[in-house]
Amino acid sequence: MKTNSANSQSVNSTVGGALRPPRTPIRHWLGLLPFFVFSGLFLIGPTLILAYRSFEGLDGGLTLNNYRQLASDTVMNSYGMSIKISLTTAILGGLIGFLVAWVVSMGGLPPRFRLITTTFSGVAANFAGVPLASAFVFTLGRVGLITALFKVFGVNLYKSGFSLYSFLGLTLVYLYFQIPLMVLTILPALDGLKREWREAAENLGATQIQYWRYVALPVLTPSILGTMILLFGNSFGAHATAYALTGGLFDLATLLIGRQISGDVLHNPGLGYAVAMGMVMIMASSIFIYSILQRRSERWLK
Amino acid sequence: MVSLYFLIPLAATFYWSLRGAKDVLGFEAYRKLFADTNFLPAFSQSIVNAVATIFLSLIIVVPTAYWVTLRLPKLRPVVEFITLLPFVIPAVVLVFGIIRLYSSPPFLFTATYNSSRIVLICVYVCLSFPYMFRSVDNGLRAIDVRTLTEAAQSLGANWVTILFRVIFPNLRVALLSGALLTFAIVIGELTIALYMAQHTLGPYMSDLTRSKVYEPSAMAIVAFAITWAAMGIIDFVGRGATRHVQMVEAD
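Keeping their order, the protein sequence lines are chains A and F. Its first residue numbered 8, the first sequence is counted upward by one per residue in the numbering used here. Its first residue numbered 32, the second sequence is counted upward by one per residue in the numbering used here.
Honestly, the hints are just simulated from the structure, not real lab data. Take these hints with a grain of salt, some might be off.
[As the list claims (entries may be wrong)] Computed far set for chain F versus chain A, every beta-carbon distance over 10 angstroms: (1) 67; (2) 75; (3) 79; (4) 86; (5) 137; (6) 139; (7) 165; (8) 171; (9) 173; (10) 201; (11) 203; (12) 242; (13) 268.
[Unchecked claim] Where chain F lies over chain A, by a calculated footprint (3+ residues, C-beta under 8 angstroms): (14) 56-70; (15) 133-141; (16) 148-162.
[To be verified] Quick look at which bits of chain F chain A covers, simulated, 3 or more residues with Cβ under 8 angstroms: (17) 118-125; (18) 245-256.
A virtual CB, placed ideally from N, CA and C, is assigned to each residue, including glycine.
Using the sequences and the hints given, assemble the complete structure.
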């Protein structure tokens with residue numbers, strides 16, 4: 008039985024027909040069963056139950072009321088702050104990360120520099136969470152090193168309006184993992200710029216600026232935009248860093264859901280589910296746009 | 032300028048971590064951290080969770096990627112879509128759903144600490160899918176799976192033998208990088224462990240920042256060193272592998 012199917016397969020591939028056996032026996036599906044069971048039980052199922060419950064009213068009937076209540080101040084403040092921080096860190100992180108990757112990919116620097124940058128980016132992009140929050144408390148917290156340094160020069164950061172536990176502070180912290188993620192994702196795209204394109208442009212008399220304006224940037228734009236959207240989602244769904252930094256009390260969508268889990272702060276379980284589903288929808292659309300843009304940029308990078 | 036932004040927080044944290052004893056710089060904060068009665072249990076629990084996650088994830092992802100490459104290519108888009116879901120569903124939303132689904136009958140899986148812990152590990156396995164699947168899939172692309180399988184089959188191997196004695200050994204580097212990435216993510220994970228009331232390293236670190244002054248800095252440095260070690264090994268092994276491939280191609 009086993010050898011038969013193997014034979015028919017190799018015959019198929021040598022004759023040049025379909026590489027796939029014509030029929031898929033049931034037992035072939037068994038190899039995928041654990042994967043589907045696991046993702047069904049611990050990934051898709053839990054999300055579907057939230058989706059279902061988000062349409063449940065306080066009296067148990069089906070309703071859209073929970074989604075209407077998303078417009079309330081508490082929810083909108085949290086969503087608004089999440090979107091504001093995510094947009095800011097996606098754009099800033101994207102620009103700075105692109106510049107770093109550009110410097111690295113240009114060559115001209117010793118190869119060791121590139122290796123250190125990529126390895127460090129790998130570390131920093133995965134360094135989010137409690138340790139990152141701690142590191143910034145020791146740097147820019149009330150008694151942090153930089154805060155103390157400013158005091159030596161007679162500037163009291165916290166009296167002049169700065170706080171680590173604010174929009175500005177959180178943005179600074181988030182950039183610590185956003186910039187490296189941009190570097191890691193955009194570097195392959197920059198490496199994909201072909202030497203021939205630059206040489207062709209130069210032969211046609213293009214200046215450095217014209218080459219970037221008319222050749223390199225148009226090729227790179229889908230990648231840059233796509234990665235920025237990825238950064239947006241990365242920051243929008245982040246919970247641990249903000250929780251460790253603010254004790255979960257800041258106005259962020261993820262922290263609001265956390266408070267709702269610990270004790271129905273919205274006083275309406277259904278609304279909590281709707282807030283969670285709203286996040287999933289925003290994340291899903293950003294990942295969707297990312298994958299479309301990624302596919303467009305792959306055309307050039309082969 | 033940019034490198035200053037990345038180095039100063041580390042330097043500041045390291046400086047604080049050396050100030051555990053009054054008026055002298057030393058490793059007192061680290062000593063206190065390791066002597067804390069809650070530290071080692073949390074740390075070892077996280078390590079066990081991470082190792083269990085990696086083991087389960089390998090057992091699930093390798094056959095899946097293998098089957099999708101060889102036998103069921105039409106399911107590839109479905110599998111790839113599912114492996115992307117952990118990026119779409121924020122951790123806090125996922126744990127919300129897990130609690131709602133499994134903390135009441137008929138699926139009361141979170142009744143005891145240990146049963147919750149098993150659920151936690153299973154959730155981590157799903158979170159590792161994107162990294163594990165991508166690593167394994169890249170690894171499979173680099174070797175000729177079909178020829179290897181047919182060679183093994185013509186020598187009379189069954190599919191268990193093929194997976195464990197042919198495919199696994201050929202994927203060593205890919206499996207190692209997937210495993211280490213998973214380790215780096217699981218070891219200090221906060222959100223899911225926190226709301227499932229697990230005493231792992233993430234919630235421990237979070238409590239530490241609220242209750243102690245110098246120990247959190249030592250903890251952050253230790254966490255950074257762990258992440259650095261995981262990523263460093265991936266880079267090192269990965270470069271060794273590409274060099275090897277290049278040599279083979281040159282032949």
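| query | Can you list which hints this structure breaks, lowest number first? | reply | none
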